[in-house]
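Undergrad: Start from the sequences and build out the full structure, keeping to the hints where you can.
So the sequence shown is numbered by this note's numbering: it starts at -13 and just counts up by one.
If you are wondering where the hints come from, they were derived from the structure by calculation, not from laboratory data.
Please note that a few of the clues may not be correct.
[Claimed, not checked] For each label pair, taking beta carbons as the anchor points, the in silico distance ranges come out as: (1) 75 x 4: 20 to 30 Å; (2) -4 x 76: 24 to 34 Å; (3) 68 x 97: 21 to 31 Å; (4) 13 x 103: 38 to 48 Å.
What you are looking at is a predicted structure, and each value in this text was computed from that prediction instead of being measured.
All C-beta atoms, glycine included, are put in the ideal place defined by N, C-alpha and C.
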Amino acid sequence: MFARINHPLVWGVLMMLAGAGGLLAQGALEGVGLPAYLALAASLVALPVFTWASRARWSGAQERTLGRIVVIALIVYGLVMAFMTLAAGRVELAPFAGLFVGGAVMLLGLHAVALNAPRSA
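TA: Okay, here's the thing in structure tokens:
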């Protein structure tokens, strides 16, 4: 059972949900209007659904490849946190923005694997 949970798809979705929830709880989107909320909701629905739909192509990926996706997502998480803290000065939003973007990078990494997978006849 743990093998099913321990996958970049699951962790990517969880990271995105935690990041979005934290951003909303911190009031990051206050005053930006309805389009920002719709974009956040669309990304929370569309990216996981499209990733799940392409699972036949990335399901055979090697553990090493999946590990690289996780490492890249963690690096992006750290970079986003550093940017939000140092450049934007929004320390309270840094962990949540990092979680959201890092989770999205995990799902996009699975898309990259699916796009580069050999096509079966």
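Undergrad: Now look at each hint and say whether the structure bears it out.
TA: A quick look at each hint next to the structure:
no.	hint	verdict
1	75 x 4: 20 to 30 Å	22 Å, holds
2	-4 x 76: 24 to 34 Å	28 Å, holds
3	68 x 97: 21 to 31 Å	25 Å, holds
4	13 x 103: 38 to 48 Å	41 Å, holds
Violated hints for the displayed structure: none, as all numbered hints are satisfied.
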